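These protein sequences, in sequence, are chains A and B.
Oh and the first sequence: position 46 is 45 in numbering that gives the first Met the number 0, straight run, nothing missing.
Oh and the second sequence: position 53 is 52 in numbering that gives the first Met the number 0, straight run, nothing missing.
Since the hints were made in silico from the structure, they are not lab data.
The reader is advised that the hints may include incorrect statements.
[To be verified] Which chain A residues face chain B? A few, computed with CB under 8 Å, are given here:
| no. | residue |
| --- | --- |
| 1 | Val-35 |
| 2 | Leu-37 |
| 3 | Arg-58 |
| 4 | Ile-60 |
| 5 | Thr-63 |
| 6 | Ile-103 |
| 7 | Arg-236 |
[Unchecked claim] Not close to chain B: a few residues of chain A, all C-beta gaps over 10 Å, as computed:
| no. | residue |
| --- | --- |
| 8 | Pro-22 |
| 9 | Ser-68 |
| 10 | Ala-83 |
| 11 | Arg-85 |
| 12 | Arg-102 |
| 13 | Pro-160 |
| 14 | His-210 |
| 15 | Ala-252 |
| 16 | Gly-261 |
Here the structure is a predicted model, which means the values were calculated and not measured.
Every residue gets a Cβ at the ideal spot worked out from N, C-alpha and C, and that includes glycine.
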Amino acid sequence: MRPFDYVEPETLDEALEILAGDPDDTLVMAGGTSLVILMKQDLVRPERVLGLRRIAELREIRTTDAGLSLGALATHGALARSQAVRDHAAALAATFAAVATVRIREQATLGGNLAHADPAQDPPVTLLALDGVVIARSRFGERRIPLDALFVDFFETSLEPGEILLRVELPPLPAGARATYKKFLPATLDDYATVSVAAVIATDASGVCTHARIALGGAATVPLRAREAERSLTGRRLDDAAIREAAALAAAATDPIDDLRGSADYKRAMAEVWTERALREIA
Amino acid sequence: MSEHRIRFTLNGETVDVRVPAERLLVDLLRYDLGKTGTKDGCSVGVCGLCTVQVDGAPMSACLLLATQVDGTQIRTVEGLATPLQEAFIDEGGFQCGICTPGQLVAADALLRAKPRATDAEIADWQMGNLCRCTGYYGIARAIAKVRDAR
Chain A
0 MRPFDYVEPE TLDEALEILA GDPDDTLVMA GGTSLVILMK QDLVRPERVL
50 GLRRIAELRE IRTTDAGLSL GALATHGALA RSQAVRDHAA ALAATFAAVA
100 TVRIREQATL GGNLAHADPA QDPPVTLLAL DGVVIARSRF GERRIPLDAL
150 FVDFFETSLE PGEILLRVEL PPLPAGARAT YKKFLPATLD DYATVSVAAV
200 IATDASGVCT HARIALGGAA TVPLRAREAE RSLTGRRLDD AAIREAAALA
250 AAATDPIDDL RGSADYKRAM AEVWTERALR EIA
Chain B
0 MSEHRIRFTL NGETVDVRVP AERLLVDLLR YDLGKTGTKD GCSVGVCGLC
50 TVQVDGAPMS ACLLLATQVD GTQIRTVEGL ATPLQEAFID EGGFQCGICT
100 PGQLVAADAL LRAKPRATDA EIADWQMGNL CRCTGYYGIA RAIAKVRDAR
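Bound conformation, chain A alone (with noise of 0.2 Å):
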């Protein structure tokens, strides 16, 4: 690994003015796990890398007026573990719980993960299906960023140089809403998966659908939200046409490039039978 300069603030003022002082050439760090993988493989070159893990703040999970908030240091294991993300979503707790292997899980962040913008990360599916907005600050202030708006290109992220992802928050789901993650994964369950679909469904006494939120990864080159098919759903009953619709819209939604665990088309393909498959678990 080239060497680099290593600095470990011990609160958030401090770390933003570190940042602020050489953005271009500072790269932050929360758990490491992919950062440090980046490094050793000389695929960036950082002249100085800002650790967090002394900002105890940015570890809280907690429930508050506004739904849930999660810290963007906060593992993914420890995000598994948590009462209240359970209490928000059981599919949440889960999606963290099929991250990779247990070592990743206790090392690996939510602000790590969702700031290296890997397409085919598990967490940011389950969270753009559960209307996640990512909360950053730089010296200047702080910012909202949609989940969706968060994600614009292969490991790349609307970030601004000098800004830190502090946290996610999810707003209340509606009532009676059902959510659910699904991995495809053909090879090994440490994998990544070929295609994912994250899906939260709310219907009305009468059993129309009243709120139809569906995300994919591995599925472009961000994680993507299929509007689409979501307002196919919205206002119908879940029937089995229904149900097929929405899963063919949301595979035309997808732009999935040739890779090791799969062609695009078969992706596209996959994506339809795991949208489907994912809807008429919760529909």
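With the hints as your guide, set chain B onto chain A.
Chain B in isolation, oriented as in the chain A frame:
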């Protein structure tokens, strides 16, 4: 470039060393501290050979900067004294042995976190510790045996 003084406990003993920022925990353990039980395998956090416990949680020492463990308690295979080792021998939990330190450190972390871990939880927890010899059955039997003996 920058150098850092870090202090942590390693298997109960205090370590107080200076490291360059880019020093990995696995290299600190093996080359600076002589604890070669922790192996460096894939170097990308997949194989589990370098599993250590950081404040009780299993992590990959190849993915941790040494600076990240300042103030923590580290346990490596050299610090284990559990019936797991005997159980691995009795149940054929290894053959070539390269993965064994990581398997043991991971299994010890599991039984500390979940003394009543189910067979499925054992399989899920050890999933990140690859073994190319045993087919995993002996390893799973060994861990279940220690769990059941408690």
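Once the shortest beta carbon distance from Ile-103 (chain A) to chain B is found, is it less than 8 Å?
With a closest approach of 6 Å, the Ile-103 (chain A) hint holds.
Min Cβ distance, Val-35 (chain A) to chain B: is it shorter than 8 Å?
Hint holds; Val-35 (chain A) Cβ to chain B Cβ min 5 Å, cut 8 Å.
Minimum Cβ separation between Arg-102 (chain A) and chain B greater than 10 Å?
violated, 5 Å
Taking the shortest Cβ-to-Cβ distance between His-210 (chain A) and chain B, state whether it exceeds 10 Å.
holds, 32 Å
Could you let me know if the closest chain B CB is still more than 10 Å away from the CB of Pro-22 (chain A)?
Given that every Cβ of chain B is farther than 10 Å from that of Pro-22 (chain A), nearest at about 18 Å, it holds.
Does the claim that Ala-83 (chain A) lies off the interface hold, with its Cβ farther than 10 Å from every Cβ of chain B?
holds, 20 Å
Ser-68 (chain A) non-interfacial with respect to chain B [C-beta, more than 10 Å]:
Ser-68 (chain A) is indeed farther than 10 Å from all Cβ atoms of chain B, at 23 Å.
Non-interface claim for Ala-252 (chain A), where every Cβ of chain B lies beyond 10 Å
The claim stands: Ala-252 (chain A) keeps its Cβ more than 10 Å from every Cβ of chain B (closest is about 31 Å).
Closer than 8 Å between Cβ atoms is the bar; does Thr-63 (chain A) clear it against chain B? Give me holds or violated.
violated, 27 Å
Does the nearest C-beta of chain B fall within a distance shorter than 8 Å of the C-beta of Leu-37 (chain A)?
At about 10 Å, which exceeds the 8 Å cut-off, the nearest Cβ of chain B leaves the hint on Leu-37 (chain A) violated.
Under 8 Å is the threshold here; is the Cβ of Arg-236 (chain A) close enough to any Cβ of chain B for the hint to stand?
violated, 37 Å
Verify the interface restraint on Arg-58 (chain A): the C-beta must sit less than 8 Å from at least one C-beta of chain B.
violated, 13 Å
Taken one by one, the earlier hints fail for this structure at numbers 2, 3, 4, 5, 7 and 12, listed in ascending order.
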